[in-house]
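S.K.: Each chain is listed here by its residues.
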Amino acid sequence: MLQEESDLSLVIAQIVQKLKGSSLYAQLERQAWASLQRPEIKLESLKEDIKEYFKISGWEKKLQNAVYSELSVFPSPSHPAAPPEHLKEPLVYMRKAQGSWEKRILKSLNSMCTELSIPLARKRPVGEQKELLNKWNEMGTDEPDLSLFRPVYAPKDFLEVLINLRNPNYENGDSLSFRTHLGLIQVPLKVKDIPELKEFFVELGLTTGQLGIDDSTQVPPELFENEHVRIGQKVLAEQDSAAAQQYIRQGSPTALRAELWALILNISSQPEDILYYEQLKTNVIQHDLLVDSLIYKDVKLTASNDDYYFVFEDYLYQVLLCFSRDTSVLGHFAYNSASPPKSYIRGKLGLEEYAVFYPPNGVIPFHGFSMYVAPLCFLYHEPSKLYQIFREMYVRFFFRLHSISSHPSGIVSLCLLFETLLQTYLPQLFYHLREIGAQPLRISFKWMVRAFSGYLATDQLLLLWDRILGYNSLEILAVLAAAVFAFRAVNLMEVTSLAAAEAVLADLSTLKVMPLLQIFLFATVT
Amino acid sequence: MGGSEGVRHHPLQPHPSFPMPHSEGEWDFYWCDVSWLRENFDHTYMDEHVRISHFRNHYELTRKNYMVKNLKRFRKQLEREAGKLEAAKCDFFPKTFEMPCEYHLFVEEFRKNPGITWIMKPVARSQGKGIFLFRRLKDIMDWRKGNAGKKLTSLEAQPARSTANPSGSHDARSSDDQKEDIPVENYVAQRYIENPYLIGGRKFDLRVYVLVMSYIPLRAWLYRDGFARFSNTRFTLSSIDDQYVHLTNVAVQKTSPDYHPKKGCKWMLQRFRQYLASKHGPEAVETLFSDMDNIFIRSLQSVQKVIISDKHCFELYGYDILIDQDLKPWLLEVNASPSLTASSQEDYELKTCLLEDTLHVVDMEARLTGREKRVGGFDLMWNDGPVSREEGPPDLSGMGNFVTNTHLGCVNDRKKQLRQLFRSLQGQKKASS
Numbered sequence: 001m002l003q004e005e006s007d008l009s010l011v012i013a014q015i016v017q018k019l020k021g022s023s024l025y026a027q028l029e030r031q032a033w034a035s036l037q038r039p040e041i042k043l044e045s046l047k048e049d050i051k052e053y054f055k056i057s058g059w060e061k062k063l064q065n066a067v068y069s070e071l072s073v074f075p076s077p078s079h080p081a082a083p084p085e086h087l088k089e090p091l092v093y094m095r096k097a098q099g100s101w102e103k104r105i106l107k108s109l110n111s112m113c114t115e116l117s118i119p120l121a122r123k124r125p126v127g128e129q130k131e132l133l134n135k136w137n138e139m140g141t142d143e144p145d146l147s148l149f150r151p152v153y154a155p156k157d158f159l160e161v162l163i164n165l166r167n168p169n170y171e172n173g174d175s176l177s178f179r180t181h182l183g184l185i186q187v188p189l190k191v192k193d194i195p196e197l198k199e200f201f202v203e204l205g206l207t208t209g210q211l212g213i214d215d216s217t218q219v220p221p222e223l224f225e226n227e228h229v230r231i232g233q234k235v236l237a238e239q240d241s242a243a244a245q246q247y248i249r250q251g252s253p254t255a256l257r258a259e260l261w262a263l264i265l266n267i268s269s270q271p272e273d274i275l276y277y278e279q280l281k282t283n284v285i286q287h288d289l290l291v292d293s294l295i296y297k298d299v300k301l302t303a304s305n306d307d308y309y310f311v312f313e314d315y316l317y318q319v320l321l322c323f324s325r326d327t328s329v330l331g332h333f334a335y336n337s338a339s340p341p342k343s344y345i346r347g348k349l350g351l352e353e354y355a356v357f358y359p360p361n362g363v364i365p366f367h368g369f370s371m372y373v374a375p376l377c378f379l380y381h382e383p384s385k386l387y388q389i390f391r392e393m394y395v396r397f398f399f400r401l402h403s404i405s406s407h408p409s410g411i412v413s414l415c416l417l418f419e420t421l422l423q424t425y426l427p428q429l430f431y432h433l434r435e436i437g438a439q440p441l442r443i444s445f446k447w448m449v450r451a452f453s454g455y456l457a458t459d460q461l462l463l464l465w466d467r468i469l470g471y472n473s474l475e476i477l478a479v480l481a482a483a484v485f486a487f488r489a490v491n492l493m494e495v496t497s498l499a500a501a502e503a504v505l506a507d508l509s510t511l512k513v514m515p516l517l518q519i520f521l522f523a524t525v526t
Numbered sequence: 001m002g003g004s005e006g007v008r009h010h011p012l013q014p015h016p017s018f019p020m021p022h023s024e025g026e027w028d029f030y031w032c033d034v035s036w037l038r039e040n041f042d043h044t045y046m047d048e049h050v051r052i053s054h055f056r057n058h059y060e061l062t063r064k065n066y067m068v069k070n071l072k073r074f075r076k077q078l079e080r081e082a083g084k085l086e087a088a089k090c091d092f093f094p095k096t097f098e099m100p101c102e103y104h105l106f107v108e109e110f111r112k113n114p115g116i117t118w119i120m121k122p123v124a125r126s127q128g129k130g131i132f133l134f135r136r137l138k139d140i141m142d143w144r145k146g147n148a149g150k151k152l153t154s155l156e157a158q159p160a161r162s163t164a165n166p167s168g169s170h171d172a173r174s175s176d177d178q179k180e181d182i183p184v185e186n187y188v189a190q191r192y193i194e195n196p197y198l199i200g201g202r203k204f205d206l207r208v209y210v211l212v213m214s215y216i217p218l219r220a221w222l223y224r225d226g227f228a229r230f231s232n233t234r235f236t237l238s239s240i241d242d243q244y245v246h247l248t249n250v251a252v253q254k255t256s257p258d259y260h261p262k263k264g265c266k267w268m269l270q271r272f273r274q275y276l277a278s279k280h281g282p283e284a285v286e287t288l289f290s291d292m293d294n295i296f297i298r299s300l301q302s303v304q305k306v307i308i309s310d311k312h313c314f315e316l317y318g319y320d321i322l323i324d325q326d327l328k329p330w331l332l333e334v335n336a337s338p339s340l341t342a343s344s345q346e347d348y349e350l351k352t353c354l355l356e357d358t359l360h361v362v363d364m365e366a367r368l369t370g371r372e373k374r375v376g377g378f379d380l381m382w383n384d385g386p387v388s389r390e391e392g393p394p395d396l397s398g399m400g401n402f403v404t405n406t407h408l409g410c411v412n413d414r415k416k417q418l419r420q421l422f423r424s425l426q427g428q429k430k431a432s433s
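These protein sequences, in sequence, are chains Y and G.
Read left to right, the first sequence gives residues 1 to 526 (the UniProt record's numbering).
Read left to right, the second sequence gives residues 1 to 433 (the UniProt record's numbering).
Extracted from the complex, chain Y is given alone in its bound form (with noise of 0.2 Å):
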């Protein structure tokens, strides 16, 4: 008990330590300040009517969504004197194993650095600041010579790395036994069953209405859709993080979706907001980074050819290249198993106060890296909004997508949960896959490390997305990707090559995320 009541005040002062930076915390102070003037607050009992005078006018709720904000990123309750390091990941051997595929990637990037004899960064010439800046809402139309630059990695050179991970406490044996895992991934990470998945995803269940089922032409409005519309404005009106939530695990009406989900990452567009992203755009045409070049190889390869984000693709450039200078992204490290890549002044190789974080927010794009934001232009079309909204989705949940950790919602659990679900409930189809070379977690990787995007349609993607905002976890993804499977699985026992069950899951934009979803967690016979 004793405990507990230590760990919880541990929170609650890291949390306030934490808040007490923020403009939050300013504008609270100058409410208090400006709420003396006002009749009801009396000398004798200051404290309550403050309090009360917060509760009225909507400061509390604005407090409640900032604590609550902290709390979804906020790593488990730990041992009071674990170092930083456990913070980031617990388990020694997948620090170690995302510090050495870390280190790979920085070699890959500076030797693409020294072939190419292109600088990490530089100033760019007045004349050339100019140009950019009058070219900054069409930076698509520009056509550098890309040829010679490459990806810095793609997903499925990640997934080597994952492949090979191994605990090293964990006596696999030569020998398989009914405790071998017969996917790709090798490692002993606790993942959640069907039964367990049913618990967590209850909002999802047979009985309960959905956006994505329940809202189709056949069923009419009155039955869920209309008053779920009328909830969810209550909800926006409220201003409640909390309450949009799980209000969002039913799914978003589209015309809410833009507010609902901005509620739920506890973004508002503030002045400072706004002239901090102001302030990164200087930086974008002061300076020219070599992960420029990346992200713009990246938007031409992948969201310039997409049906439907081709449109978006100069704001993509608008948020993508200020997000590489961002350095408060550098804080979501603190519970992230990656470290930001350091790199020294020229000459200072070593010394601590040459060093430099690169790129600035210490995040190095790979292919696909673009798709992450792709989906959210539908949604959002004023850029320092737009960036915001996507620097937040990243610092809370993206970043998992591609780093080792040992976290439910990190990249490894779910392609453990992934195989694992498939391993249970379609074993003839997995071991036939397996047999004929076509390891199923090759197919599904790409999608998961992408959130689906570019894969599904659109509206199903924000549908699904909805649910990772609404649940607070990756988990969905690798639900969703094992029901993929189950749903071909006819055609995908006819298979006898990688090839042919590629092709099989080639095409997914005619999908129906959330009956799919249902159909596998609530109405499988197990």
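Read the hints as simulated data drawn from the structure, not as lab findings.
One should not assume that every hint holds.
Said to hold, decoys possible - Derived EDC-like pairs: lysine to aspartate or glutamate, alpha-carbon spacing no greater than 20 Å straight-line:
hint, chain 1, residue 1, chain 2, residue 2
1, Y, Lys512, G, Asp413
2, Y, Lys20, Y, Asp214
3, Y, Lys55, Y, Glu40
4, Y, Lys55, Y, Glu238
5, Y, Lys234, G, Glu283
6, G, Lys416, Y, Asp214
7, Y, Lys281, Y, Asp142
8, G, Lys279, Y, Glu29
9, G, Lys95, G, Glu194
10, Y, Lys62, Y, Glu44
11, G, Lys328, G, Asp363
12, Y, Lys342, Y, Glu102
13, Y, Lys61, Y, Glu238
14, Y, Lys512, G, Glu346
15, Y, Lys47, Y, Glu29
16, G, Lys279, Y, Glu40
17, Y, Lys281, Y, Asp292
18, G, Lys129, G, Asp139
19, G, Lys279, Y, Asp49
20, G, Lys112, G, Glu194
21, Y, Lys107, Y, Asp292
Following the hints, position chain G against chain Y.
M.R.: The following block gives chain G in isolation, referenced to the frame of chain Y:
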């Protein structure tokens, strides 16, 4: 049956009931070219059951100058009969002047609105050919030096004369059959819409398909699918010479240096409708789409009395609609031979399904009862009167919620609907035999 190139061959092949004709002239169903029509329609005998895919004088609707005339006349009539408010519903066409005969009226309007942009379009060409933008009368001096301009100069030398027949319709041959020797191409000068709705900084227009089975009485169907065609470059009024910025035809975009064939630069209407709904809310979108319904119906009504209504004829029109920043739709033009070549897999599927459903509605096999409100992806939009989404007799009192039976950009579960439809028709046949 005869037919021409493109996607048309594919869906028509599996129809066992349509044997190929043995000789020229021996056909029951002809998807013809307009040129064939012009030359042969008048001296071709057609049996009762025969169907042909164009109306004899469809150009009343599809040639820009005729359409403008017909619409203006219809608007005047509406104003006389039903008042200004009703007539204002016809204001979906940007101010247009026929050139060269309305040149002086154009100059008057031009002078009243200095600084706005105008677009000059040849009347009978397609795929964006010959179109240009201008802001100063100086800019059309070059055009005046060309053939149409020469005609203008000679016309200016003559006393004013109307080129329209008293009945209001036009004879296609009379425009060629002038006193002058030079074969002249007519143009229209139209007010350019300077505030188009932009997505991702790009301009786009909408292509919508309307199937007219007869004009008297007017029976028209609206296809649920369609697409938005994007210009490849970002919209700006500073470069009116850049064709690629302003013209959204795929044919023009295909020649743009930015064009990548894989892109296709098209969005299906469903995606477009969802995008708008998430940005402006469902009510605004409902209003926009019902304004578009208004465009289709009024434009057809305006030519209803002049089109030679032949029971053998039907026509699939491709409407080009532009949305401006106030979410007001504008009619750009109507095409009688909308392109049926596909630019992507999705496009191919849309067009094959469109043709299949057209054939279902035309109903050569006489399977339908004639009382259907929906066939595959087509919804019956007008049946000598508005068609309501609700079942039962229409609520003509004007009160109550009349929602038109159109579902543009909505879910198109046509396969399912066709299955149900034909199953119930079979059932009805069995029951009556």
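S.K.: Quick check: which numbered hints come out false for this structure?
M.R.: 2, 8, 10, 11, 16, 19
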